[in-house]
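Visitor: Chains as they are written, first to last, in our numbering: chain Z, 404 to 844; chain H, 404 to 844; chain S, 404 to 844.
No lab work stands behind these hints: they were computed from the structure. Be careful, since some hints might not be right.
Stated by the list, open to error - Using C-beta positions, here's what the derived DEER-type ranges look like:
1) H:Arg581 with S:Leu457: 42 to 48 angstroms
2) H:Glu834 with S:Asp673: 45 to 51 angstroms
3) Z:Arg829 with H:Gly556: 38 to 44 angstroms
4) S:Gly724 with Z:Gly724: 33 to 39 angstroms
5) H:Ala839 with S:Ala514: 48 to 54 angstroms
6) Z:Gly724 with S:Asp525: 54 to 60 angstroms
7) Z:His645 with S:Gly785: 37 to 43 angstroms
The structure presented is a predicted model; accordingly, all values stated were derived computationally and were not measured. Each residue gets a CB set at the ideal place from its N, CA and C atoms; glycine is no exception.
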Amino acid sequence: MDIGAILTGEAADASVGESIYRLAAKLFPICRSLTGPGVRETLGLLQKIVPLELRRVPTGTPILDWTAPKEWTIRDAWVKNAAGERVIDFRASNLHVMGYSVPVHRTMPLAELKRHVFSLPDHPNLIPYRTGYYAATWGFCVSQEVLDALPEGDYEVMIDSSLDDGELVYGEYLHKGRSEDEFLLTTHCCHPSMANDNCSGLALLTHLAAEISRMETRLSYRFLWLPGTIGAIAWLAANDAHAGRIRHGLVVSGVGDPGGPTYKRTRRGDAPIDRAMVHLLRHAAGKPEVIEFSPYGYDERQFNTPGYKLDVGLIQRSRFGSYPQYHTSADNLDFIAPESLADSYRLIVDAIGLIETNSAYLNTLPKGEPQLGKRGLYDKIGGDPDTYGSRMALLWLLNLSDGEHTLLDIAERSGLPYATVARTARMLEAEGLLRALAAAG
Amino acid sequence: MDIGAILTGEAADASVGESIYRLAAKLFPICRSLTGPGVRETLGLLQKIVPLELRRVPTGTPILDWTAPKEWTIRDAWVKNAAGERVIDFRASNLHVMGYSVPVHRTMPLAELKRHVFSLPDHPNLIPYRTGYYAATWGFCVSQEVLDALPEGDYEVMIDSSLDDGELVYGEYLHKGRSEDEFLLTTHCCHPSMANDNCSGLALLTHLAAEISRMETRLSYRFLWLPGTIGAIAWLAANDAHAGRIRHGLVVSGVGDPGGPTYKRTRRGDAPIDRAMVHLLRHAAGKPEVIEFSPYGYDERQFNTPGYKLDVGLIQRSRFGSYPQYHTSADNLDFIAPESLADSYRLIVDAIGLIETNSAYLNTLPKGEPQLGKRGLYDKIGGDPDTYGSRMALLWLLNLSDGEHTLLDIAERSGLPYATVARTARMLEAEGLLRALAAAG
Amino acid sequence: MDIGAILTGEAADASVGESIYRLAAKLFPICRSLTGPGVRETLGLLQKIVPLELRRVPTGTPILDWTAPKEWTIRDAWVKNAAGERVIDFRASNLHVMGYSVPVHRTMPLAELKRHVFSLPDHPNLIPYRTGYYAATWGFCVSQEVLDALPEGDYEVMIDSSLDDGELVYGEYLHKGRSEDEFLLTTHCCHPSMANDNCSGLALLTHLAAEISRMETRLSYRFLWLPGTIGAIAWLAANDAHAGRIRHGLVVSGVGDPGGPTYKRTRRGDAPIDRAMVHLLRHAAGKPEVIEFSPYGYDERQFNTPGYKLDVGLIQRSRFGSYPQYHTSADNLDFIAPESLADSYRLIVDAIGLIETNSAYLNTLPKGEPQLGKRGLYDKIGGDPDTYGSRMALLWLLNLSDGEHTLLDIAERSGLPYATVARTARMLEAEGLLRALAAAG
């Protein structure tokens, strides 16, 4: 399939939202963290859909200013009351154990236990999600309701975990296009049972990689499934010499909830990916929002550091941290929906289509307007799904195709959707009225 | 008369609105189209006021991507009912016949006739204006009320027209200034009995050409009275080699109604004519509006094609297509008024004055402020019609006259009207406090 | 004391507002004008605090387009009624005599007297402030109430003044920094008993000069206490050859009232001092307002003339001319307050601190984010008065320190206060994570 199919909507399989949802649901129960069996199990499931490769970085490997951490394995964890009942139980929710908790097995009074327990007083029935990656400590996360119901007394506390030399693992898949210039798509794979953040991103990116793998593309497409921060650091350390090939990028995260869509700009702020996303969001359904770059967020932080300055933005639905379900047990499979996933997917696909096809054209009859009637162009436009738009697109394309305006420039100036402008350009090119110049970058 | 007179208001003869109105009224009854006797009759009337030349392009002449069309002559047209009464009659309104209708003389039932009749259901008492330039067809335009009153039955239909080899005719007048750089002013001459669109433009441009012809100017002024689209194409085809002399331009159209004024920017958007018009509209009475360029409109479309990129904007009162009288029989002599015509005239004259005189100055005493009191400048300013404005203009002119700011720059930055700034600059120049540099372009 | 102390607030002695107020109160009763004993007495009082030098320009000296005026001495003035009572009395308020009044001693009817009397009908209980510098005339200023109460009849009018060859005097103090580039601070010393305009400015600038004199600075600081307009002209005439050393400047005027603060931009509009003040006002308390440059105002007019183009802005509280107390007897010591003076002082000190310290940095670990935890940086930030701000500042500094962004650029982009960004930069520099480049200008 040619990438141009994207522009005509052929690539928008209506069932894609369902497929992504089903994969996200399959990933949901797995207990992921920065390292450990959960990440391997997750990536193994994804490999059934796209032939991603596992990259392994042994514990202790220096990676930029960091070091690959010990591998964390969690087998079980609980708190038992005096009656021996599990009042907090890892088997009920893997959020109950703070990520990277060191092992513990002791009996202690409630007051001491509470110093290791996290809850959300403002959302008393939700379990929070917490980690303690680089501090040798342990903790439990519980709902305020459960915590309040614990009577005074002694509790037996057990975390059956280990922190051993092992490996940091991430997934990578490269689709080669005609150019070595790359479009980077990444998502984080280090969160346990939270559906939006980030089973949605894992599943969407996997389906997207599978679809791109079947296409002829101009750019090369690099997909990364990374443990947050440390995974991006590891990839950059391993790919320092050719990281500059990345010309456009998107971090994909939290793409299944009903809010947004929200796009966060790159550090540069007006990169081609920024212009593409801002344009698409201007015409998007929902409550589209464009937010400025800040060095707080997901792995776009790493790609946008001054030593790399890679033009990588962030696409999500609701802005992270802005919704009550964020980083809690309420971020479950009810919080995401096939429609939202399909909409996010379509948006990213449209961005890819735009970046792939955006180029400038030359009007071959630039002096005065060509006589459109004698060429039957009005009839041809009559068949377009957006007749008014394509008629205006035709006039704008003829007027601005002096080699100095790309299709996106024309879409922005005319206020028309890129897809309408691009479709009409193809029609005019077929008529010999436009001649394409090389794609924009 | 020196062009500078414009700035002092000497050129603003209060009766100019009446003169333009009278000429528009004289032109109103003539049945114009792209070609034919009505255009010749119209241009002949204008020649009594300004010595414009008729340019003649024989039918079939290739002009850019187009061909000069056959000449259309309409002598009479009617629809008769069974009683032989003219129920639609070209003699009552030349709008009744669709422009470029081919001849027909047949009797047909009402249903068949209706396929050739245009009306306005939303404005049931108005006759629409329609043309069918490049399709060999015929049609009648009637009010919905008349159409609804036609009983079933047979009707005798007659259009006594001819489409023959002939000529495309347009009018041209060049006023030579000191420079070969040109200011282009055009208007369309192809509409039948509609007062605002465009008897108003025809009459205004003619009076303006007559006035300019009596002036010493820096720029040369080219006036064109053109059949829409095809006339501009014909002129460009004939003048391709030196079209680039056009440095500024205005299409003048629909300048007699009570709305606006409305200025549509050039393709470039910030050309000198754009800056001039935007400035003048900022200080204009009425409901001034500046709209962005789009490749939909009048002949500015042709001049702004990428093969020419001439800085030609559009001046009108109400935006075309935005008022119910537009392209109907309600666009009659009651819809235009001498006051509106005079206001439009004044605006265009002011734009010419601005473009003619806009230049940068040097403050001859640039270090600290000059002592104004000892030169009696406060008294001189006291005699200006705008004392406060001219006092501020004086301070701004002294402050910004470093050779890098034109009078328009200073007017824009200070928020003062250009005329006040220009008058004050002349006064300061006479005092030796400013020295003029060459005009801006 | 190092200039850096400014950033930590060490320089912000809480009592500074009281000290400035006390000095303003001491200056308030003195009858100042462009020239004369009042100016010398005023500058003499200031010399007790800072070793400013008196510059003397003899009457008649040509200074740019002007001439040093005669010196005006006023000893007494009154209007007596038929009973010999002083109904207007200079001893009650020095505002009663128009500045630069020529001597007069005559008896005249009320009608004639009134042609020399100024009052404020809209503010009937206030005495206006008026001058007649360059016209050989005399006048009295009284409240409308007093004026209305004068019965018809003859009045004895006496002004015991003299206009003799003498000198124009102004004060100057230069604090030398490491660079010859200068920061200019000026205020006008020519107004009689008005507290805000401009005892406040005189007192503030004097205390500021004293504080700066005890500091190590990068820039040199030039302080001028000038009679309005003519003083700036005199200084420029005397310093024409090296006026270009002035890189930044502020005219300080009306800095004690409860309004504002208001900053008026330089002619250039985006000079470093403009950016600094706009930034500080964005984070300022009160009703901060930034207004555009205009060639109407205080001595910034002279410094911004095209022959000098010095980047000198204006700082005041309420915008001059915008409050009813302006240039009246209501501008008394009740109208100014230590809190407002302290706030103005702090704002100017912050601007100086910003201009002194603003520079770009290089992130020494630019590839990926450094691992902050292992360096204990989170704890160090925890001790900052603005923990959230300094944490975000840390991330922004690491992200934007590529040598192309100054601290102010980073403060503006992040929305954080400059002081937070600068403090955090010092901490990161101490950690070796940032390396400073040369200061910005």
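Visitor: Could you work out which earlier hints the structure fails to respect and list their numbers in ascending sequence?
Guide: Numbers 1, 2, 3 and 4, in rising order.
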